[in-house]
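Going by our numbering, the sequence shown opens with residue 1, and the numbers climb by one from there.
No wet-lab data here; the hints were simulated from the structure.
In this text, all values refer to a predicted model and were calculated from it rather than measured experimentally.
Do not rely on the hints blindly, as some may be mistaken.
[Claimed, not checked] The calculated lysine-lysine pairs, modelled on DSSO-like cross-linking and capped at a C-alpha distance of 30 Å, are:
no., residue 1, residue 2
1, K350, K531
2, K250, K414
3, K368, K378
[Said to hold, decoys possible] FRET-style restraints, in silico, Cβ to Cβ:
no., residue 1, residue 2, range
4, H186, D234, 34 to 44 Å
5, K407, G598, 45 to 55 Å
6, K414, T232, 35 to 45 Å
7, E300, P150, 58 to 68 Å
8, D557, A221, 48 to 58 Å
9, R16, P417, 46 to 56 Å
10, S349, E300, 46 to 56 Å
11, D592, A688, 15 to 25 Å
12, Y619, G598, 26 to 36 Å
13, A221, P299, 40 to 50 Å
14, E352, D557, 17 to 27 Å
15, N35, A221, 36 to 46 Å
16, R218, D557, 44 to 54 Å
17, D96, F658, 53 to 63 Å
Even glycine gets a Cβ: it sits at the ideal position worked out from N, Cα and C.
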Amino acid sequence: MSTQTPESFEWTDLDRRAVDTARLLAADAVQKVGNGHPGTAMSLAPAAYTIFQKVMKHDPADPEWTGRDRFVLSPGHTSLTLYTQLFLAGYELELDDLKAFRTQGSKTPGHPEYGHTAGVETTTGPLGQGAANAVGMAMAARYERGLFDPEAPEGTSPFDHTIWAIVSDGDLEEGVSAEASSLAGHQKLGNLVFLYDDNHISIEGDTATALSEDVLKRYEAYGWHTQRIEPTADGDVDVPALHAALEAAKAETGRPSIIAMRTIIAWPAPTAQNTEASHGSALGDEEIAATKRVLGFDPEQTFEVSDEVLRHARRALDRGAEAHAAWDKRIAEWRTAQPERAELFDRVSKGELPDGWQNALPVFEEGKSVATRAASGKVLQALGPVLPELWGGSADLAGSNNTTIDKTSSFLPKGNPLPEANPYGRTVHFGIREFSMAAEMNGIALHGNTRIYGGTFLVFSDYMRNAVRMSALMQLPVTYVWTHDSIGLGEDGPTHQPVEHLASLRAIPGLNVVRPADANETAIAWAEILKRHATEPAPHGLALTRQGVPTYAPNEDAAKGGYVLADSSTEVPEVIIMATGSEVQLAMAARDALEAEGTGTRVVSMPCVEWFDQQPAAYRESVLPAAVKARVSVEAGIGLTWYRYVGDAGRIVSLEHFGASADANALFAEYGFTPENVAAAARASLAAARA
Numbered sequence: 001m002s003t004q005t006p007e008s009f010e011w012t013d014l015d016r017r018a019v020d021t022a023r024l025l026a027a028d029a030v031q032k033v034g035n036g037h038p039g040t041a042m043s044l045a046p047a048a049y050t051i052f053q054k055v056m057k058h059d060p061a062d063p064e065w066t067g068r069d070r071f072v073l074s075p076g077h078t079s080l081t082l083y084t085q086l087f088l089a090g091y092e093l094e095l096d097d098l099k100a101f102r103t104q105g106s107k108t109p110g111h112p113e114y115g116h117t118a119g120v121e122t123t124t125g126p127l128g129q130g131a132a133n134a135v136g137m138a139m140a141a142r143y144e145r146g147l148f149d150p151e152a153p154e155g156t157s158p159f160d161h162t163i164w165a166i167v168s169d170g171d172l173e174e175g176v177s178a179e180a181s182s183l184a185g186h187q188k189l190g191n192l193v194f195l196y197d198d199n200h201i202s203i204e205g206d207t208a209t210a211l212s213e214d215v216l217k218r219y220e221a222y223g224w225h226t227q228r229i230e231p232t233a234d235g236d237v238d239v240p241a242l243h244a245a246l247e248a249a250k251a252e253t254g255r256p257s258i259i260a261m262r263t264i265i266a267w268p269a270p271t272a273q274n275t276e277a278s279h280g281s282a283l284g285d286e287e288i289a290a291t292k293r294v295l296g297f298d299p300e301q302t303f304e305v306s307d308e309v310l311r312h313a314r315r316a317l318d319r320g321a322e323a324h325a326a327w328d329k330r331i332a333e334w335r336t337a338q339p340e341r342a343e344l345f346d347r348v349s350k351g352e353l354p355d356g357w358q359n360a361l362p363v364f365e366e367g368k369s370v371a372t373r374a375a376s377g378k379v380l381q382a383l384g385p386v387l388p389e390l391w392g393g394s395a396d397l398a399g400s401n402n403t404t405i406d407k408t409s410s411f412l413p414k415g416n417p418l419p420e421a422n423p424y425g426r427t428v429h430f431g432i433r434e435f436s437m438a439a440e441m442n443g444i445a446l447h448g449n450t451r452i453y454g455g456t457f458l459v460f461s462d463y464m465r466n467a468v469r470m471s472a473l474m475q476l477p478v479t480y481v482w483t484h485d486s487i488g489l490g491e492d493g494p495t496h497q498p499v500e501h502l503a504s505l506r507a508i509p510g511l512n513v514v515r516p517a518d519a520n521e522t523a524i525a526w527a528e529i530l531k532r533h534a535t536e537p538a539p540h541g542l543a544l545t546r547q548g549v550p551t552y553a554p555n556e557d558a559a560k561g562g563y564v565l566a567d568s569s570t571e572v573p574e575v576i577i578m579a580t581g582s583e584v585q586l587a588m589a590a591r592d593a594l595e596a597e598g599t600g601t602r603v604v605s606m607p608c609v610e611w612f613d614q615q616p617a618a619y620r621e622s623v624l625p626a627a628v629k630a631r632v633s634v635e636a637g638i639g640l641t642w643y644r645y646v647g648d649a650g651r652i653v654s655l656e657h658f659g660a661s662a663d664a665n666a667l668f669a670e671y672g673f674t675p676e677n678v679a680a681a682a683r684a685s686l687a688a689a690r691a
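Let the sequences and hints guide you as you build the complete structure.
Spelled out as structure tokens, the structure:
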């Protein structure tokens, strides 16, 4: 799609009519369903139209085109801002879809949903996260270029593209956007443009109720390129000024850009404009009719779209085809010049792994004490050379999380003084920004063509939680590396000791929480996560120990989420002890004691209950026979996960309160995480099962 330069910019009566059509479609859609957010969609229509029709490189006929720019609507409540442009430009939306706005099963849900509507690049709704997604997309675009075309001069690579995001006051008030914007400035993401809808309205009225800072000064301090445009005398968007600002932002490749655009919400509704009521309520039939008169539309008609306007707007299909064809020519030339990188691109874009990649996985010596966080680090360092698409880091905890995939190569922009700085580096320094790290990882995954991971302490997953939820909602293959997974971190005390976190994270539908028992289970878990990347995309959270744990012989059944680690001496076990992570060793020691007493005891290691629950019923029965009623679970956290596994006669060895600052061994002993207590729980369960 060829963009217009400021000198060649054209804004015709048909463009204006198309914008006004979009405004009224938004008003009619909300009025028809009886709820929604019409005001912002009306005032943003000129800006969204300018981006989609005059500036952005995209192909409505191929929404997944690799060479496209990306567009993020961070204030997802104004979803009609996006839906009307998708309809006008010729994506898969039609007028009936706009008429079905916010109704069950429609392509136009209340907030944009990734994977549900063609042209929607990310699910937005929780404010601020769309902005952070856009930052992640910009990071991914740079890393992708480094993988496939690093030597190309700036602006000449088929992998060069721009991330456009509309952000609102609400987005910029949320802390997650501040975290992400700070990182974007530090990273000098010159492929990122924010258009800030400065409409001065929030649900509670004028934004003066809660916001008085100079937003552009803040972004200038972050290291962004800043611009401001004012409305026309009658209150509408100054489209030529907007277009010039967007082109200037795109031309600024040394830093991210933000344009503050003053708008009047619900413009030009005669009485509803510039009111908080227009933010989240239907305007009413009379106000909509009056607005249609102002704009020269028939007040008796609803969802009016003239054939002339639609033909004009859908020339975006022709421009998209032209841009796509030009890109196809460039990518063909690149393939000829870079056959090895083209082969890598084809593999990565399909989500495939290279032949023999598993040969790089380390196998750890049985009996040796290794912290699973350390084992994870060894896995990453081993996989780095064979999986160049794998990259990541941590929220300033790389040494503790063991997330440094390459200590000689940091993802940092040109001009950074550190010796390992490389704009295409492998190791990401997210900074102490856990929430935005997770949201940026979502953006990286949404962008495609790389595999991302990010680490922090498990207790700080609380900071990240809503972004983790969004990972699960969108079924994104991101990997969270959460270390220091229990009271086993000891003297750091209860502020750093996760207690409720494992159960809380398992409560998120679609998130797979993996707590390996040892180093070999950790390697097998990483392998399974990588295998699932394309075929069963979902977020995974690895919960890893700070302290050393015994290493057992590798068992590939660990990839099934639960398996028999040590079986009973009797044909049918009398009692089953299931455990995760560092508590598996307690189960094994308790088994020794029970077997010495003549009690047939099976130990089941259960690194991932979600994977286990996905297995066929026959396999699950083979591991946890229904006939065996005496069962014990052991996990150093609340027992909420385990009631459905242990049954009425079962016993749960858990931690139902916060920890304390003390030596890890002392804490485990004080709170009952000992082989003796586990064995006692097994005896109690046996007695209950026989009663």
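Hint-by-hint comparison with the structure:
1. K350 / K531: holds, 12 Å
2. K250 / K414: Cα-Cα ~19 Å, so holds.
3. K368 / K378: holds, 15 Å
4. H186 / D234: 34 to 44 Å: Because 40 Å falls inside the window, the suggested range holds.
5. K407 / G598: 45 to 55 Å: Check passed, 53 Å falls within 45 to 55 Å.
6. K414 / T232: 35 to 45 Å: holds, 40 Å
7. E300 / P150: 58 to 68 Å: holds, 59 Å
8. D557 / A221: 48 to 58 Å: holds, 53 Å
9. R16 / P417: 46 to 56 Å: Holds - the Cβ-Cβ distance for R16 and P417, about 50 Å, lies within 46 to 56 Å.
10. S349 / E300: 46 to 56 Å: holds, 51 Å
11. D592 / A688: 15 to 25 Å: holds, 23 Å
12. Y619 / G598: 26 to 36 Å: holds, 29 Å
13. A221 / P299: 40 to 50 Å: With Cβ atoms ~48 Å apart, the hint holds.
14. E352 / D557: 17 to 27 Å: holds, 24 Å
15. N35 / A221: 36 to 46 Å: Distance hint for N35, A221 holds at roughly 39 Å.
16. R218 / D557: 44 to 54 Å: With a Cβ separation near 53 Å, R218 and D557 satisfy 44 to 54 Å, so the hint holds.
17. D96 / F658: 53 to 63 Å: Given about 55 Å between the Cβ atoms, the range holds.
The structure fails none of the hints (numbered hints given earlier).
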